[in-house]
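K.L.:
Here is how the chains run, residue by residue.
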Amino acid sequence: MRTNAAEPGLNDLSEKGAASVRFRSVDKAFGPLTVLEDLHLDVEPGERVVIIGPSGSGKTTILRVTMTLEHIDAGTIEVGGQHLYHEPTASGTLKAASEKHIRKVRSNIGMVFQHFNLFPHMSAIENVMLAPVKVHGVSRDEAQHRGMELLDKVGLKEHANHTPGQLSGGQKQRVAIARALATSPSVMLFDEVTSALDPELVGDVLNVLRDIAEEGRTTMMLVTHEMGFAREIADRILMFDKGRVVESGPPSQVLDDPQEARTRSFLGAVAEH
Amino acid sequence: MAETNQAPAFDLEVEQSHKWYRRPDVLVPVILVVLGLSLLATVPAPSGRFTSQFSPGRDVAFGWDYFFHLLPQMLRGLYTTARATVLGFLIAATLGLVFALLRRSQNRFVSLPVAFIIEFIRSTPILVQMFFAQVLVRSVDWVSLNPIVILFLVLGIHYATYASEAYRAGINSVPKGQWEAAIALNLDPITKWTRIIVPQAIPNVLPTLGNYLVAAFKDAPIGDAVLSTAGVLFFANTIRAEDFRPVEPYLLIGVGFLLVSLPAAWLVRRLEAHIAYERG
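Top line first, the protein sequences correspond to chains U and V.
Each residue of the first sequence is one higher than the one before, counting from 1 in my numbering.
Each residue of the second sequence is one higher than the one before, counting from 1 in my numbering.
Quick caveat, the hints were computed from the structure, so don't treat them as lab data.
Mixed in with the good hints, there may be bad ones.
Claimed, not checked - Some, not all, of what chain V presents toward chain U, calculated at C-beta under 7 Å:
#: 1; residue: A184
#: 2; residue: L185
#: 3; residue: D243
#: 4; residue: V247
Claimed, not checked - In silico contact screen, one side only, chain U against chain V (beta carbon under 7 Å); selected entries:
#: 5; residue: L33
#: 6; residue: L69
#: 7; residue: H71
#: 8; residue: R103
#: 9; residue: A131
#: 10; residue: K134
#: 11; residue: S139
#: 12; residue: S195
Each residue gets a CB set at the ideal place from its N, CA and C atoms; glycine is no exception.
Construct the complete structure from the given sequences, taking the supplied hints into account.
P.N.:
Here you go:
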């Protein structure tokens, strides 16, 4: 078993501040199916970008390639000015990144999943403490203190010792958010985080997201079907279809005065529910 | 827990969570069995000679007196057989996990040979492997192994290949979301495997491993036949040769196996029920 000695470059858990994310000519296909095509996108530090679009449009894939859950086929992604999939060589060109390099850049990114993906064999606080202790070399005491702070922030301090099986969906998702926040990421990715929840539990999770947005310490990229929430929280809304950005702009423009026919038909379909 | 709420800051005691491997009602039987069997493994083996001072009449086909008279000797043989099984199974359980992990390796120069070895050993009979091991040991001058060592090594390697398939299935049954969460939290491979994957895979694997332990126990007498280890079958063969009374000793070793296999099967079923309960 390894001890708590962290890898170099990973042990700084102090606030790094929000970071930019830049996509350049990113392609991604699953077999014959193209999900991202020549994607160019700049997300500024601290910006809150909500991605909307029909299912299968590739919107979740943007988050998944940023988290390196899927690897891109072509193009580059930069997080906080550092290439995620590439390393600069001495001659100034780019080469495919080593696992070590990917891990270093990836430590700036946090993700919350639609289906929570909490570790079922650990209590809420253990879920939150794991990465700070094992990856970032934080002492157990410190990680526990900070973990309790985070659980308090998401309103679950008294559930710290409960395992995921003892929590409701909304509580699980808030633990998952606390877990993602525990490493103080500069970029947070939220993949349809309320889609698997009962309607009456959605509000608590959205409140937590509002708090994170207000603090403004992280760049947020959210995929969601909650249009009212998107309007409230987003600096910019991206309408996505067939692997491309169809329309982009502030909520007042994209949601209220869409320029593209595809956006109008999508919003019309969503509004019918 | 509500009363701690008015206290300042975060003084909530962090309890151990109810993991299956921390629950006393699962742990105690498992530890008892492991301890008992390990103890069995360390105590020196009894002498391998079986003798009979009892001379029943030739015309009697079966006698209870004679049957019970043989019991202590049978237990001595059973002890030897169980010892070899336990040692072999400890090898199988560890080597099996190693095989399973090597077979998953990204490096094909590792994964393909390991896959071949596993398939080769799995698809050849343990009886043949036992003969092969004996010939191999005899033909190499600088190796001199006690037959009981050959027996548990063969049992261990043979069942390691089965165990590795069980581990593989257990690892594959860990949901995809768990692997993705490990990436999202940037966990290093060692933490990912020791804290996330293996703890969730083991409960799936335990019942299968338990069944293989029973199966290995039933295969152990092959060593008596091939390597002349002094187990239960060797006992029965010796008695038959000395007293010309085959019915009682062979029936007796059947009873001996039953005595061990039935409680073992019961334990495995309990374990399965526990794991099903943990899953909710």
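K.L.:
Checking against the hints above, which ones are violated?
P.N.:
Violated hints: 3, 4, 5, 7, 11 and 12; rest satisfied.
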